[in-house]
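Chemist: Each chain, written out:
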Amino acid sequence: MKPDDDYWLERLSASEAPELARSVGIMREQVPDASQLAALAAQLSAQGVPVVSTTPPVRGMGRVGKFTLSAGAALVGIAGVVLLLRQRTFDHRPSTPTVASAGLHEVIPAASSLPDVARRAGGILAPLPANPGAVESADPSQPPRPAGEPLAERVGSTAPSAAAPELPESPEPPAGPNLRSGSEPATGALKTLHSTSKPTTSSGAEPSVANKPSELTLLRDARLSLRTSPAQALALTEQHRQLYPRGAMAQERELIAISALASLGRHAAALSRVADFERDFPNSPYRKQVTQLAR
Amino acid sequence: MSPFPEVDARPAEAAPKTAAVPSLAQIFEEHAPFLWRALIGLGVPARDAQDLCQEIMITVHRRLPQFDGVSLRGWLYGICVRVASDYRRSARVRREVVTDAQPEEASTTDPADSLDRTRQVRRLLSGLSRLDEPKREAFVLFEIEELTLAEVSEAVGAPIQTVYSRIKAAREQMQRGFSATSHDAPKKGGISEAR
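So the protein lines, in turn, are chains F and Y. According to our numbering, the first sequence is numbered sequentially starting from 1. According to our numbering, the second sequence is numbered sequentially starting from 1.
Just so you know, these hints were derived from the structure itself, not from any lab. Errors might be hidden in some of the hints.
[Said to hold, decoys possible] For each label pair, taking beta carbons as the anchor points, the in silico distance ranges come out as:
{"hint": "1", "chain 1": "F", "residue 1": "Pro282", "chain 2": "Y", "residue 2": "Arg63", "range": "35 to 45 Å"}
{"hint": "2", "chain 1": "Y", "residue 1": "Asp113", "chain 2": "F", "residue 2": "Leu224", "range": "15 to 25 Å"}
{"hint": "3", "chain 1": "Y", "residue 1": "Glu172", "chain 2": "F", "residue 2": "Leu224", "range": "42 to 52 Å"}
{"hint": "4", "chain 1": "F", "residue 1": "Arg220", "chain 2": "Y", "residue 2": "Arg62", "range": "34 to 44 Å"}
{"hint": "5", "chain 1": "F", "residue 1": "Lys288", "chain 2": "Y", "residue 2": "Ser165", "range": "50 to 60 Å"}
{"hint": "6", "chain 1": "Y", "residue 1": "Leu64", "chain 2": "F", "residue 2": "Glu278", "range": "31 to 41 Å"}
{"hint": "7", "chain 1": "Y", "residue 1": "Gln66", "chain 2": "F", "residue 2": "Thr217", "range": "49 to 59 Å"}
[As the list claims (entries may be wrong)] Just a few of them, taken from the derived set where beta-carbon distance is under 10 Å, the chain Y residues facing chain F:
{"hint": "8", "residue": "Trp36"}
{"hint": "9", "residue": "Arg37"}
{"hint": "10", "residue": "His61"}
{"hint": "11", "residue": "Asp86"}
{"hint": "12", "residue": "Tyr87"}
{"hint": "13", "residue": "Val121"}
{"hint": "14", "residue": "Arg123"}
{"hint": "15", "residue": "Leu125"}
{"hint": "16", "residue": "Val140"}
{"hint": "17", "residue": "Leu149"}
{"hint": "18", "residue": "Tyr164"}
{"hint": "19", "residue": "Lys168"}
Don't be surprised by glycine CBs; every beta carbon is placed ideally from N, CA and C.
Between the sequences and the hints, there should be enough to build the whole structure, so can you do that?
Modeler: Okay, here's the thing in structure tokens:
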């Protein structure tokens, strides 16, 4: 006997309130990005709140499940290992079958579809764990939606290539190697992202300061890819943000990033960035445009 | 009266209500994303959601030993509702992201679908912001978070009957808002700045 038997209420149905039901449905998809969750996990762990278990629960892996766990674990604990691995990777590609190295091989072919971005973006994310503003920076870089269906939908609706460009971006460093055997080839977009994104971070795709792209180049490329691959555009803006935090073209970058977020359906992130934009650049000539994007 | 009876057969019911108290890691993994979303529904701007979600988890961590093991979601969302409520009362709220502005047609050339979705979210949040706090909580927890009436009741600390009426009232108000905006903003095409 459920206690609410006397008060049974159906959820809002599309037939009685189509518009409202529809926006409720869209709202239900607005869950935070995995990188945001990872950043949260890192914050919490730093405060001694153990939200990351070393032994993943077998049952009831939530929709965000392994991803979050591993991301958090990695962010907090394994940053050192990551660095180590990366160095080793650079020096002499180790053939040891660690998750990181195993994954690396998976990633490279996948990421090869966007040559340069992939490399740079992978490296960009490395400093993330130590970065207190991780949410912000992690934010744009992070494709995989915890919820499976929305992701599939999104990937499908944007462009088939949308998932790939984002791979290198995922700020999830390799988590406990036990979490993922790194052996899930490409069952679903989400899985692929998971298993391949981690290694990238650790893989040693270093942002080489030597061939640092100019602000203009980065943002031009970002703008150009906005239509075809918003994920890539986002990656480029993120790269810009990392390389030129106080660059002369910060407003342009934000405009592109917000457009990309909107295109990717990451509305909460877009709205948040719009708010930041409005706060940071109250007199921007782009302000109206940006505000409109959030509508 | 129940055109879609299956609609309510949701995870809340299906989830094993184990007597064993889940670990914090499990809670985080299974609920944090949705608590985060609920915060936004409850009026927390996206940029503050992470901090507040952190606050929720810290509270959960502290109070988990006292959890009675009955309705985890009701308990978790209860914390969520209180955190959001405190937040709204605090001075920080002044910087609301969602304005009362009517959603308009955006005149950009970006993919229409995603823009439309952004608009829908904004519109919903805008509608929610016009509800009073109890109605808003009831609506968000029941309709968006898909809690059962009993869980909502536990979360907001009100009798089921009360929750029931709040949801009904909130729906009506939201629906009125929605039909109003859809009537007067059908095809303006972003010309309203002329005024």
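Chemist: Taking the hints in turn, state whether each one holds.
Modeler: Comparing the hints with the structure gives:
| no. | hint | result |
| --- | --- | --- |
| 1 | Pro282/F / Arg63/Y: 35 to 45 Å | holds (41 Å) |
| 2 | Asp113/Y / Leu224/F: 15 to 25 Å | holds (21 Å) |
| 3 | Glu172/Y / Leu224/F: 42 to 52 Å | holds (48 Å) |
| 4 | Arg220/F / Arg62/Y: 34 to 44 Å | violated (50 Å) |
| 5 | Lys288/F / Ser165/Y: 50 to 60 Å | violated (42 Å) |
| 6 | Leu64/Y / Glu278/F: 31 to 41 Å | holds (39 Å) |
| 7 | Gln66/Y / Thr217/F: 49 to 59 Å | holds (57 Å) |
| 8 | Trp36 | holds (5 Å) |
| 9 | Arg37 | holds (5 Å) |
| 10 | His61 | holds (5 Å) |
| 11 | Asp86 | violated (19 Å) |
| 12 | Tyr87 | violated (15 Å) |
| 13 | Val121 | holds (5 Å) |
| 14 | Arg123 | holds (6 Å) |
| 15 | Leu125 | holds (8 Å) |
| 16 | Val140 | holds (9 Å) |
| 17 | Leu149 | holds (4 Å) |
| 18 | Tyr164 | holds (4 Å) |
| 19 | Lys168 | holds (8 Å) |
Hint compliance for this structure: hints 4, 5, 11, 12 are not met, and every other hint is.
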